[in-house]
Amino acid sequence: MNQEEVVDALAGLSLFADLRRPQLEAAAHTFSEESFAPGQRILRQGFQGTGFYVILDGEVSVQIDGKDRARLGKGDFFGEMSILLGEPPVADIVALGALHALHLSGPELQGFLQQNPAVMYRMLQSVARRLRNANRWGN
Amino acid sequence: MALDTNAKREWMARVALFRGCSPDALERLAERMGEVEFPAGHHIVTQGQVGSGLYILVTGRARVLRGDDLIADLEPGDFFGELAVLDQMPRSATVIALEPTTCLGLASWDLIAELERDPQLALNLLRELAGRIRFLEDQYIY
Numbered sequence: 001m002n003q004e005e006v007v008d009a010l011a012g013l014s015l016f017a018d019l020r021r022p023q024l025e026a027a028a029h030t031f032s033e034e035s036f037a038p039g040q041r042i043l044r045q046g047f048q049g050t051g052f053y054v055i056l057d058g059e060v061s062v063q064i065d066g067k068d069r070a071r072l073g074k075g076d077f078f079g080e081m082s083i084l085l086g087e088p089p090v091a092d093i094v095a096l097g098a099l100h101a102l103h104l105s106g107p108e109l110q111g112f113l114q115q116n117p118a119v120m121y122r123m124l125q126s127v128a129r130r131l132r133n134a135n136r137w138g139n
Numbered sequence: 001m002a003l004d005t006n007a008k009r010e011w012m013a014r015v016a017l018f019r020g021c022s023p024d025a026l027e028r029l030a031e032r033m034g035e036v037e038f039p040a041g042h043h044i045v046t047q048g049q050v051g052s053g054l055y056i057l058v059t060g061r062a063r064v065l066r067g068d069d070l071i072a073d074l075e076p077g078d079f080f081g082e083l084a085v086l087d088q089m090p091r092s093a094t095v096i097a098l099e100p101t102t103c104l105g106l107a108s109w110d111l112i113a114e115l116e117r118d119p120q121l122a123l124n125l126l127r128e129l130a131g132r133i134r135f136l137e138d139q140y141i142y
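Residue numbers (my numbering), protein chains in the order written: chain S, 1 to 139; chain D, 1 to 142.
Where hints are given, some of them may not hold.
Which chain S residues stay away from chain D? Per the calculated CB distances, all over 12 Å, these [what the hints assert, rightly or not]:
1. LEU13
2. ASP18
3. GLN23
4. SER35
5. GLN40
6. ARG41
7. GLN48
8. ASP57
9. SER61
10. GLY86
11. ALA118
12. GLN125
13. ARG129
14. ALA134
Okay, the calculated beta carbon distance ranges per label pair [unchecked claim]:
15. D:VAL36 with S:GLU4: 48 to 58 Å
16. S:PRO107 with D:ARG14: 45 to 55 Å
17. D:PHE135 with S:GLY73: 24 to 34 Å
18. D:GLY131 with S:GLY97: 28 to 38 Å
Short derived list, chain S residues pointing at chain D, Cβ under 7 Å [unchecked claim]:
19. MET81
20. LEU84
21. MET120
22. ALA128
23. LEU131
Hint data in this document are derived by calculation from the structure and do not stem from the laboratory.
Quick caveat: nothing in here was measured; it's all calculated off a predicted structure.
Built from N, CA and C at the ideal position, the CB exists for glycine as well.
Next up, chain D with everything else stripped away, as it sits in the complex:
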């Protein structure tokens, strides 16, 4: 599939991460996001490697693994890769395409620039990360 800027923007407007973001912010992001296609079985990101951006899954399905542990299965609208951007540490997990999968990729510097510019995007991301922490801590604490 080949998404033009308009199609990307319309699709992004429906994704939770971008909820409440201004049309200008969506336009800037849509212009900077590149579409990337992966065959089934492809390692989209690999644990331990240096990360360079955020991915949002558009079509297909992908699996998040830490070592051999299944962390999550991702569906359209889910995103990954943000941790390495935020803390500049190596990738914390491997993400493997379970079927032919299309993602939108955003480079680290474009994500950071947009987070500094658009408080709504930063707040959405903060909420999402808080939710993931609580989910993981609930699993391992109790």
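In isolation and in its complexed conformation, chain S is listed as follows:
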């Protein structure tokens, strides 16, 4: 993807929906593109995280102790929990097919969110939904 294509891809994802073109261009410049082969492990349960990922294309499996717990697809993101908490991931993230994602290192994520409060607010909403669902598991 060239820079312009990355900007267009970002513009279509809900996490970045509130950003204007110049902010999207800055975001595209901050993130790096990464590709993963089917079956490749992107984050490892219990090992220090390697960053924050936003899925541009493809699907991943969230696995705990080898069991498939959830699937994430285009526009979904992962890795932020470990970065925010400073703890290793509690799940493996495994590419199900060819995966194309944008990557930001842990230290970069905090700065990026502080410079883009609209993205942080979207992330907060997503985390709130997830917390509501986590609450439900107890019932």
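Once you have looked at the hints, place chain D on chain S.
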């Protein structure tokens, strides 16, 4: 107890949710937060009802219940009510005052405005929610 704006601001500066927030942000929040007192046994928020704000517990103690399940006991400095503000869904739990309890309340629109304005507050809230998710998921996954 009647807290004036100064007392609210000084108290807020010691609460984890506001750690690192600028004096200006604390001043704005202190001006907008209202003090609310609840007798023991009072339902401060009720599961399933529409929520209109965030509460921070100042004195007393409160219990968080989902249905009949105990989720947490809250102490001074703890906060609740943020989920309904963020996802605009009904309250996910009931919070009951266990003893006479004082809270500071912040209306949804004031919280959202401040989150958009103060990245440090948003980051603190994000961290707190991430911690709660991990705590709950740990309990139910393993």
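Structure-based check of each hint:
1. LEU13: Fine: 18 Å to the nearest Cβ keeps LEU13 of chain S off the interface.
2. ASP18: violated (10 Å)
3. GLN23: holds (14 Å)
4. SER35: holds (27 Å)
5. GLN40: Answer for GLN40 of chain S: holds, closest chain D Cβ roughly 23 Å.
6. ARG41: holds (19 Å)
7. GLN48: Holds, because the least Cβ-Cβ distance between GLN48 of chain S and chain D comes to about 15 Å, which exceeds 12 Å.
8. ASP57: Holds: least Cβ distance 26 Å, greater than 12 Å.
9. SER61: holds (15 Å)
10. GLY86: violated (9 Å)
11. ALA118: violated (7 Å)
12. GLN125: violated (5 Å)
13. ARG129: Non-interface label on ARG129 of chain S violated, nearest chain D Cβ at 5 Å vs cutoff 12 Å.
14. ALA134: violated (4 Å)
15. D:VAL36 with S:GLU4: 48 to 58 Å: holds (52 Å)
16. S:PRO107 with D:ARG14: 45 to 55 Å: violated (27 Å)
17. D:PHE135 with S:GLY73: 24 to 34 Å: 27 Å Cβ-Cβ, so the 24 to 34 Å window holds.
18. D:GLY131 with S:GLY97: 28 to 38 Å: With a Cβ separation near 33 Å, GLY131 of chain D and GLY97 of chain S satisfy 28 to 38 Å, so the hint holds.
19. MET81: Holds, about 5 Å.
20. LEU84: For LEU84 of chain S, the interface hint holds, since the closest Cβ of chain D sits about 4 Å away, which is under 7 Å.
21. MET120: Cβ of MET120 of chain S sits 5 Å from chain D, so the hint holds.
22. ALA128: Constraint on ALA128 of chain S satisfied, holds at 4 Å.
23. LEU131: holds (5 Å)
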